[in-house]
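**Q** Join the two chains into one complex using the hints; note that each chain is given alone, in its own frame.
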Amino acid sequence: MERERGAYGGKTESTGNLVEVKFFATLRLALGVASLFLPLGKPVTVKEFLLLCSQKVGVDIDKKLLSGETLLRGTMILVNGRNILHDKGLATIITPGDVVSLFPPAGGG
Amino acid sequence: MDIEEKFFSRHSPLIGEENIKKLRSSTLLIAGLGGLGCTVATLLVRLGIGRLHLVDSDIISPSNLNRQILYHYNDIGKAKVEVAEERLKAINPAVKIVKHKRKIERRFSLPEGIDGVVDCLDNFRSRYILDEFIHQRSIFMVHAGVSTYFGQVTTIFPGKTRSLRDLFPAVPDKVDPVFPPTVLIVASLQAAETVRVLCDSNGKLLNRIAIVDVLTSTCEIIEVKD
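Just so you know, the protein sequences line up as chains A and B, in that order. Going by this note's numbering, the first residue of the first sequence is number 15, and it counts up by one from there. Going by this note's numbering, the first residue of the second sequence is number 8, and it counts up by one from there.
To be clear, the hints were calculated from the coordinates, so they are not data collected in a lab. A portion of the hints provided could be inaccurate.
Using 25 Å as the maximum straight-line C-alpha spacing, the simulated SDA-like pairs for lysine to any residue come out as follows [what the hints assert, rightly or not]:
| # | chain 1 | residue 1 | chain 2 | residue 2 |
| --- | --- | --- | --- | --- |
| 1 | A | 77 | B | 156 |
| 2 | B | 29 | B | 92 |
| 3 | A | 78 | A | 40 |
| 4 | A | 102 | B | 166 |
| 5 | B | 232 | A | 96 |
| 6 | B | 232 | A | 34 |
| 7 | A | 102 | A | 41 |
| 8 | B | 167 | A | 99 |
| 9 | A | 78 | B | 173 |
| 10 | A | 102 | B | 172 |
| 11 | A | 102 | B | 169 |
| 12 | A | 77 | B | 181 |
| 13 | A | 56 | A | 40 |
| 14 | B | 232 | A | 107 |
| 15 | A | 78 | B | 183 |
| 16 | B | 103 | B | 92 |
| 17 | B | 232 | A | 85 |
| 18 | B | 232 | A | 58 |
| 19 | A | 61 | A | 82 |
| 20 | B | 181 | A | 81 |
| 21 | B | 103 | B | 53 |
| 22 | B | 103 | B | 176 |
| 23 | B | 181 | B | 112 |
| 24 | B | 29 | B | 207 |
| 25 | B | 232 | A | 80 |
| 26 | A | 61 | A | 94 |
| 27 | B | 232 | A | 84 |
| 28 | B | 108 | B | 94 |
| 29 | B | 110 | B | 64 |
| 30 | B | 181 | A | 86 |
| 31 | A | 70 | A | 111 |
| 32 | B | 232 | A | 111 |
| 33 | A | 78 | B | 176 |
| 34 | A | 77 | B | 176 |
| 35 | B | 181 | A | 99 |
| 36 | B | 232 | A | 31 |
| 37 | A | 102 | B | 135 |
| 38 | B | 106 | B | 116 |
| 39 | B | 181 | A | 40 |
| 40 | B | 85 | B | 70 |
The following block holds chain B by itself, in its conformation from the complex (with noise of 0.2 Å):
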């Protein structure tokens, strides 16, 4: 057995040998390299998927390492996606990497062969923009959000579910604070609900939105209804 072939033996057995090759045949967006971001990009990579879009803006300042994973000390002042680039590289030589240092804006087009997004923006303003975008290829997005202790992971897909400005109308911006345990637990079920959806297609969380808490330990569910 090769390393490749080790890489995977571990979770292989739990999603079968065609669907890994489904996620190393498949390309994802990854919006924002922040808390969520970092979480969601280290799991996809770990889990095999073949090619990554990274798009964030942002250098690396001292208030993101409590929770962005990907980054340490020593990366202050450097681009995220210079970073997790060579970071996710390191976990995985095999992924491909496309690098996008920029922010999710009007003018911003979402390159061409991408099966999903992944929403892991720090602000409403930009989510609308990028659904927008994924109604327009009509592919899937998983969206996620954080405050405090809490946070929340939905899937939005064209013609099943309604779109995230529907879902989530006019939410204003602000910066709270987080307590960092959320945000990787919310980013691993976005994670594992983009391996859902790429794997058969439909996912857990279509018209559901699973709400996090974090000071209770707990996990619910909102069926949400036309």
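For reference, chain A alone in the conformation it holds in the complex (with noise of 0.2 Å):
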């Protein structure tokens, strides 16, 4: 599984034209990645940073989590620790700096 920082991330400051983006719990079974760091030269919706965070891993984030407009039931994502849900959805603006994490609460007991 690809690792491009420490598993004991917490609040982690990102540098330059830098977000990163850390996947939790069952996002990384399926994507095979913890987290990684994007380059991002303006700012940009969630939904155009989903795509770009597609290519980056090879897999298509965007199609998992995404029904057309829609983001699917079961995944939420965080922008600087704020659920876009409570924000602006998916225009809900990342710009250089940012932290992005998605994760899929797990439902067990």
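**A** Next up, the structure:
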């Protein structure tokens, strides 16, 4: 499994034009990657960002998480710890230096 | 030193006599006696919790035995709440157990006098109902969930954190396989957080989600902001 940063990341300071993307839980299994840095020349929406992630990872992340303009149930996307559903959804803006976390909560007990 | 004093002698130096007393005078409700619930209940009883309300409608099946540590082969077909009570009282006869052989659903009402809830359920449909109940009572809930090699723990505290539904909206329910050590590790974190919240009214996982990854033996924290 690819890992570009240590596991105990906590709050990470991204630098320059990089955005840190952290995949959690079963998304790691599905994508085979725990985290990565993505260079970003200008602010983009979450939807555009997922397309960039797909190109970087080589897996259609956007198709796994989206149905058209809708985020499928079951995966939280947080930009700097803030759930995009409490912001502007897929239109939420990601800028260089942000930390994006993608987390599907586990439901079993 | 009598048996009761010796019982807590290996952890009372860590958490203090005052907190031992606090645990003894506390009442918790454990929702769900599956993998998480078995380990959480066991730890809380060993730590000296005074009273537990146990809620589960299920009977023990063979597929439970890989991770539900209170149950044995010969218990298959018995009610979880009955066997759990017997085993927990065998560990510490001082614990008071109140059994609720039923599901968490709208017509269920939280018992009076509970200090908090431990969410060991296996579906979000029931969790969202429990979430509403704890907000009506203004009591805390320590949530956990597990799937495959992963799990999360977080504390819901009315007025201090988002609700569970707000934090994890519209999570679909599905039955995933689970690696048994994942369940015990996540449940142990959940029990530790529960004791922290009981003892200092705060805890370490308010507005934070601890995510356990047993594949890489790591735990990461997501800081959640409004």
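**Q** Hint by hint, note whether the structure agrees.
**A** Going through the hints against the structure:
1. A/77 x B/156: Answer holds: residue 77 of chain A to residue 156 of chain B is near 24 Å, not above 25 Å.
2. B/29 x B/92: Holds - the C-alpha atoms of residue 92 of chain B and residue 29 of chain B are around 22 Å apart, at most 25 Å.
3. A/78 x A/40: 12 Å, holds
4. A/102 x B/166: Cα-Cα ~24 Å, so holds.
5. B/232 x A/96: 5 Å, holds
6. B/232 x A/34: The hint holds at about 17 Å.
7. A/102 x A/41: Holds: residue 102 of chain A and residue 41 of chain A sit about 23 Å apart, inside 25 Å.
8. B/167 x A/99: 20 Å, holds
9. A/78 x B/173: Holds, at about 23 Å.
10. A/102 x B/172: 18 Å, holds
11. A/102 x B/169: At roughly 18 Å apart (the allowed maximum being 25 Å), residue 169 of chain B and residue 102 of chain A satisfy the hint.
12. A/77 x B/181: 20 Å, holds
13. A/56 x A/40: 30 Å, violated
14. B/232 x A/107: Judged against 25 Å, a Cα distance of about 16 Å means the pair holds.
15. A/78 x B/183: 18 Å, holds
16. B/103 x B/92: 9 Å, holds
17. B/232 x A/85: Roughly 20 Å between the alpha carbons, so the hint for residue 232 of chain B and residue 85 of chain A holds.
18. B/232 x A/58: At roughly 21 Å apart (the allowed maximum being 25 Å), residue 58 of chain A and residue 232 of chain B satisfy the hint.
19. A/61 x A/82: OK: residue 61 of chain A and residue 82 of chain A at ~10 Å, within 25 Å.
20. B/181 x A/81: Cα-Cα ~19 Å, so holds.
21. B/103 x B/53: Measuring from Cα to Cα gives roughly 13 Å; hence the hint holds.
22. B/103 x B/176: With Cα atoms ~35 Å apart, residue 103 of chain B and residue 176 of chain B exceed 25 Å; violated.
23. B/181 x B/112: 18 Å, holds
24. B/29 x B/207: Holds: residue 29 of chain B and residue 207 of chain B sit about 10 Å apart, inside 25 Å.
25. B/232 x A/80: 23 Å, holds
26. A/61 x A/94: Satisfied, since the Cα-Cα distance of roughly 16 Å is no more than 25 Å.
27. B/232 x A/84: 22 Å, holds
28. B/108 x B/94: The given pair, whose Cα atoms are some 16 Å apart, holds under the 25 Å limit.
29. B/110 x B/64: 5 Å, holds
30. B/181 x A/86: 15 Å, holds
31. A/70 x A/111: 18 Å, holds
32. B/232 x A/111: Holds - the C-alpha atoms of residue 111 of chain A and residue 232 of chain B are around 17 Å apart, at most 25 Å.
33. A/78 x B/176: Cα-Cα ~18 Å, so holds.
34. A/77 x B/176: Holds, because 20 Å separates the two Cα atoms, which is no more than 25 Å.
35. B/181 x A/99: 22 Å, holds
36. B/232 x A/31: 23 Å, holds
37. A/102 x B/135: 24 Å, holds
38. B/106 x B/116: Satisfied, since the Cα-Cα distance of roughly 14 Å is no more than 25 Å.
39. B/181 x A/40: 13 Å, holds
40. B/85 x B/70: Holds. Residue 85 of chain B to residue 70 of chain B sits at ~14 Å (cutoff 25 Å).
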